[in-house]
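J.: Going down the list, the protein sequences come from chains A and B. The numbers in the numbering used here rise by one with no breaks, and the one at position 98 of the first sequence is 98. The numbers in the numbering used here rise by one with no breaks, and the one at position 31 of the second sequence is 31.
The hints are simulated quantities; they were obtained by calculation from the structure and are not laboratory data. You may find that some hints are simply not true.
[Stated by the list, open to error] Keeping only pairs whose Cα atoms sit at most 20 Å apart, straight-line, the calculated SDA-like set for lysine to any residue is:
no. : chain 1 : residue 1 : chain 2 : residue 2
1   : B       : K256      : A       : L196
2   : B       : K256      : A       : N128
3   : A       : K117      : B       : N128
4   : A       : K266      : B       : K117
5   : B       : K253      : A       : A267
6   : A       : K243      : B       : S126
7   : B       : K216      : A       : D242
8   : B       : K117      : A       : D254
9   : B       : K117      : A       : A258
10  : A       : K266      : B       : K216
11  : B       : K266      : A       : L264
12  : B       : K266      : A       : G158
13  : A       : K261      : B       : K117
14  : A       : K117      : B       : L264
15  : A       : K117      : B       : N248
16  : B       : K266      : A       : D242
[To be verified] Ranges between beta-carbon positions, derived for each pair:
no. : chain 1 : residue 1 : chain 2 : residue 2 : range
17  : A       : P247      : B       : K198      : 15 to 21 Å
18  : A       : K89       : B       : T244      : 29 to 35 Å
19  : B       : A74       : A       : R226      : 54 to 60 Å
For every residue, glycine included, the Cβ atom is placed at its ideal position computed from N, Cα and C.
What follows is the residue order along each chain.
There are 2 protein chains.
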Amino acid sequence: MKIGFLQLRPQFGRVKENVRAAKSMLVGLTDATVVLPELFNTGYLFRNMEEVRDLAESATTGYTVTELKKVAVAQQLNLVFGIAEAKNKKYFNSSVLITSKGKIESYQKAHLFDREKLFFQPGTRSFNAYPVEGGKIGMMICFDWFFPEVSRVLALEGAQVICHPSNLVLPWCQDAMRTRSLENKVFTVTANRIGLEKRGNISLTFTGKSQIVTPKGEVLAQASERSESLKVVEVDLNEALDKTVTPNNDLFKDRKPALYKSILRKAG
Amino acid sequence: MKIGFLQLRPQFGRVKENVRAAKSMLVGLTDATVVLPELFNTGYLFRNMEEVRDLAESATTGYTVTELKKVAVAQQLNLVFGIAEAKNKKYFNSSVLITSKGKIESYQKAHLFDREKLFFQPGTRSFNAYPVEGGKIGMMICFDWFFPEVSRVLALEGAQVICHPSNLVLPWCQDAMRTRSLENKVFTVTANRIGLEKRGNISLTFTGKSQIVTPKGEVLAQASERSESLKVVEVDLNEALDKTVTPNNDLFKDRKPALYKSILRKAG
């Protein structure tokens, strides 16, 4: 399977232009799994709930999903991308998977970052792995990387590649994702955005360096900090089914869940 | 508090010489927490159970513990070091903590690496944090690093510094420990050994590069790959009590244990 990322520079509030830009960069690509950034269609720095309500969409029937479903089916792509989701008058920072067959799945970000908490509800569904042609895909969004439990659960659920739409502003994620890949023996694709976003008195610079990492923690491809880019590499997703570290160690069979109980304890 | 490591080159089977070498490198140091390598007193490559039985000791009254307890109390040190432990005719790859007050705690390695499984029982007690003057100490051993659950449990139990006696032969740990520090906002001290050990037809080269990492994932000190060395730095362990990432994010309060249930599921 080919897996990769589309690193973009979204413009705040310009959903149609952002979707069009993404589609134009995907022209000619077929038979691949491609990850786009978090909130790629809306931009990141919402100033108030009115903007969120204006720009959020259904994760099954909205404009962005409808447009990208056409691309996914026509070009035989599995597309993973971040949107602001509206559902029953609640708003989520969500990731959508559209398979090459047109099937739609979504994940609502559980670990909201900083001011996202002012505008979005945290997701309350756990982390799932979804079958596509050739393997199983998991999704997590940006700051979820900080919590090792997320990628661990995805891998235990069978994800062979973790798709990771992001809008990164902190310096650590790209290195940490090598550990996320390695400790779970899965592929990870982090699709970051680039550019400066300035709204009101807040401005953020996004760090680019989208990357594809193997189950051994090797970076197969990495984008620059400054350019929009599409990178896709051919990999064997079956590598992620093998959790062997030495002839005597299987990373998952060696786990000792009886010793991990504190992980489910609530914060005191 | 001063925290640091003593990177050593143990000689297989020469317990007295190895203990003497460690003591001589600690001469003059006072008021610090110092981590020594895994199995620092025995060496690593056991060939049969007879060797294990010959070299293993009690983790409370054995030669090594008795000798290092004198040093700990006389020099006001908290010492953490790896030994082959004998207990009720079972054998463990253990880490011992002797506090500056002479109190002894121990941890039996839960995740055994490769051929260690031929000689040692896996530990079945969970991961604890132990109070010392100025903070709380957690212990894990070498390959435990590969399992994010271990350092997570230690941090949730209140460890401010994770002491990590090691005999590393794989290339990834030193980088991954930066993520272990960061994702838990704790200090980590990895004490590795150096040297080539060749026994029968097996030989291993240990990778050195012992290190001290801050809760922000910064490497404060790192040893070379080839020299024995003692490095100690002054840190404020209270930094590890602050789990703040942004004004709106506390790494522990933001956790969503209800979504992490798969982590306790046994391997299928």
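J.: Run every hint past the structure and note whether it holds.
T.: Here is how each hint holds up against the structure:
Proximity of B:K256 to A:L196 is assessed by CA-CA distance (about 31 Å); at most 20 Å being required, the pair is judged violated. Simply put, B:K256 and A:N128 have alpha-carbon atoms about 15 Å apart, close enough for the 20 Å limit, and the pair holds. At roughly 33 Å between alpha-carbon atoms, A:K117 and B:N128 are farther apart than 20 Å, so this suggested pair is violated. For the suggested pair A:K266 and B:K117, the alpha carbons sit about 34 Å apart, so the restraint of at most 20 Å is broken.
The straight-line distance between the Cα atoms of B:K253 and A:A267 is roughly 6 Å, inside the 20 Å bound, and the hint therefore holds. A distance of roughly 24 Å separates the Cα atoms of A:K243 and B:S126; the hinted pair therefore is violated under the 20 Å criterion. Note on B:K216 and A:D242: the hinted pairing is violated, with a Cα-Cα distance of about 32 Å set against a maximum of 20 Å. With a CA separation close to 11 Å, the supplied pair B:K117 and A:D254 stays within the 20 Å bound.
The hinted pair formed by B:K117 and A:A258 meets the criterion: a straight-line CA distance of about 19 Å does not exceed 20 Å. About 24 Å separates the Cα atoms of A:K266 and B:K216, which puts this hinted pair outside 20 Å; it is violated. A threshold of 20 Å between alpha carbons decides the hint, and for B:K266 with A:L264 the separation of about 15 Å falls inside it, so the pair holds. Of the pairs offered as hints, the one joining B:K266 and A:G158 holds, with about 14 Å between alpha carbons and a cut-off of 20 Å not exceeded.
Simply put, A:K261 and B:K117 have alpha-carbon atoms about 24 Å apart, too far for the 20 Å limit, and the pair is violated. With a C-alpha separation of about 29 Å, the suggested pairing of A:K117 with B:L264 is violated against the 20 Å cut-off. Straight-line distance between C-alpha atoms of A:K117 and B:N248 comes to about 8 Å, which keeps the hinted pair within the 20 Å bound. For the hint pairing B:K266 with A:D242, the CA-to-CA distance comes to about 17 Å; that is within 20 Å, so the pair holds.
Distance hint check: the CB atoms of A:P247 and B:K198 are about 19 Å apart, consistent with the given range 15 to 21 Å. Distance hint check: the CB atoms of A:K89 and B:T244 are about 32 Å apart, consistent with the given range 29 to 35 Å. B:A74 and A:R226 have their C-beta atoms about 58 Å apart, which keeps the hinted 54 to 60 Å range intact.
When held up to the earlier numbered hints, the structure conflicts with 1, 3, 4, 6, 7, 10, 13, 14 and fits the remainder.
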